[in-house]
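Student: First to last, the sequence lines map onto chains A and B.
The first sequence lines up with residues 7 to 381 when you count with the working numbering.
The second sequence lines up with residues 45 to 396 when you count with the working numbering.
I should point out that these hints are in silico values taken from the structure, not numbers from a laboratory.
Restraint ranges, calculated between C-beta atoms of paired labels, are given here: (1) B:Thr-300 with A:Phe-55: 50 to 58 Å; (2) A:Leu-280 with B:Asn-102: 14 to 22 Å; (3) A:Ile-293 with B:Gly-124: 42 to 50 Å; (4) B:Gln-275 with A:Leu-154: 30 to 38 Å; (5) A:Ser-190 with B:Thr-300: 51 to 59 Å; (6) A:Leu-129 with B:Ala-255: 35 to 43 Å; (7) A:Val-206 with B:Gly-121: 47 to 55 Å; (8) A:Ile-293 with B:Gly-111: 41 to 49 Å.
Some chain B residues flagged as far from chain A (calculated, every beta-carbon gap over 10 Å): (9) Pro-104; (10) Pro-186; (11) Asp-200; (12) Ala-243; (13) Asp-247; (14) Asn-279; (15) Ser-299; (16) Gly-325; (17) Gly-368; (18) Ala-374; (19) Asn-387; (20) Ile-391; (21) Tyr-394.
C-beta atoms are modelled at their ideal positions from N, C-alpha and C, and glycine is treated no differently.
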Amino acid sequence: MSNPPTELLGTATNKSGVRASEVPSTGGRTGIARILLSRDTVMIYTLVFFVIYAALFIPRFASPVSTGFLLLDVIPALLIALPMTLVIITGEIDLSVASIAGLTSALMGVLWAAGLDIGAVLLISLLAGVLAGAFNGLLVAVLGLPSLAVTIGTLALFRGLALVVIGDNAVANFPPELTSFFTSKIGGTGIPTVMIGVIVVAIFFGVLLHFTPFGRGLFALGYSKEAATFVGIHVMRSKFWLYVASGSVSALAGIYWTLRYSSARSDNASGLELTVIAAVLLGGVSIFGGKGSIPGAVAGVLLIGTINFTLRLNRISDVVLIIVTGTLLIASVVAPSIFEGISKWRHTRRNRRILPPASALGATRATASGVQERK
Amino acid sequence: MEFIRPTTGRRTRRLFAFAAVAASVALVASGCASGSDVGTGAGAEGDLSVTFIPKQLNNPYTDVVLGGGQDGATAAGFTGIEVVGPLEASASSQVSFINAETQAGTSVIVIAANDPDAVGPALEEARAAGAKIVAFDSDTNPKYRDVFISQVVAKDVALIQVKLIAEQIGGSGEIAILSATANATNQNEWIKFIEEELASNPDYTDITLVAKVYGDDDDTKSFQEAQGLLQAYPNLKGIISPTTVGIAATARYLSTSDYKGKVALTGLGLPNEMRPFVKDGTVTAFALWDPAQLGYVAAFAGKALADGTITGAKGDKFDAGDMGEREVGADGLVIVGPPTTFNADNIDDYDF
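Please work from the sequences and hints to get the whole structure.
Tutor: Here you go:
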């Protein structure tokens, strides 16, 4: 085992279990089949089917107006889900994202009310997000404190700071050209203009995670921090920059929120962190780290957003929505475990039947125990 | 080691990318598929529909307002009556509900705004699609609605609460306010008048307002804030809670503590919720209007707007069923009636 590409090391083990159940010898399910049946891809199918179903059977859904309202609603969650995916893949979490968005919003309001130029307001607010993220990064990556505890702390801290900054006031008189730009649509497509920016950010994180050594390192990090260190991944540096990225994108979401609703308040985006994490997990990102993809996470956010939107279109209470989201999330977490259990059982049974020689048995056991280790 | 295969990894990524592109294309395509259907829901001829969007659902006060609203809407002749709303009273939570109503082509939207400006752009879109906007209970920025139905004159609500607390604490001592959310439009307006009255009226010079706390219209939070107030200010003589959730939670705390009967409590409460606390001596008197009338008048105002009887201009008059004729004042303001004071003598006469 001399420094194999780490991402492959990770996915390969997972694959070996599935593959062995198809053809016990050396071959097995090809790369294509594996991808088409992976958890992230299944979520994309679910999204596509649900959208088609909604377009066909839900009155008034199939119109550009839907696309516009739906996307405007999900943009904050969509933005934050991108760095959140990377953070969760490394086995960490960031619960302070919504509070950073709230703090950014509050700061924008106060600076704008103080008469600063809008460009300066946006820049300082974004910088505040970067600093907030760096603070998280310092505590989690550099000092090595548990991210759950740290970000629960900063969740309260940043929201508290937002209240200190703006108090019980609300600032609403942002430049109308800017606020109307944030709700404007591209021609008659119904797609909000800001989606262009969101797509750019999504591509950035997608490429970063799936096509760069840094991104592959994150998967390795999520599997095993020690192993990642040994293969030369800068654990501390990677995590630190992820939190900075998370803070910055949360600030972008806060800026969007403020200008979309043309209202800067301390309670903006409250509770958004749980929506984002639920959507990301639903999109196939493993809470234990090491597994997940940007397309999956995006599909998760869009799926929850679409379900949400169709329920509201039919005037079904939000109570139903939270129950549906919760059930989906539990199902999405439990289902893979069940499937894995079944395939492991079939795998073991087949091994007993067709692999009597001691040497072969030993080899398979090694792979099987490899699967277990990553749980 | 045979499972390490670089080629598979590359293919993996390509497929992911393909799947993602396919998904987004499908999403956009289905969104655009029937572009010609835009606005089919709008303007259902002859059938007038009304949708109430309260600050949040499952709030006892809101339920009474909505009950009156539904009675009013039925009496006014609306055919479709709906109630939708968020579960938490946050600033922007109402926007997606307004959007859904815009798409449904609802004729009249009756809204109690959680934030006067956050709902603005969405309401403008709804108006552009032909909907009439009635604000009730908590106003939006006046440029986003046609009329605002106010329970009472805001100043009267503030004055009656100051008067009640002054009577109950004997005209001097420390008092505190336990409000709803820090951004609530109506509560903040009343608090402003309360502060002005305390500062300007010579009768109240010995009364000091020592704290304003926010229970966020959440029972547990309000209960804890009440507890905190009494610990932080040992000389506190009275609490004003201008919100039904806050006053009920505070009364519950006081009634089980040593402060019962020693610390006065008044504010705006629902008779049914406050009855036990008035009977056991925790609360002497509190105030409120009949919230059902608020919803009732709002429904009729919506009907008059949709019919074109009124435009929301000053001096417009409309029929409000059992409530008689109402007149629109300056800034599209419609007043329902004066606040009522409830005490041990009259509380059993009310059921809401």
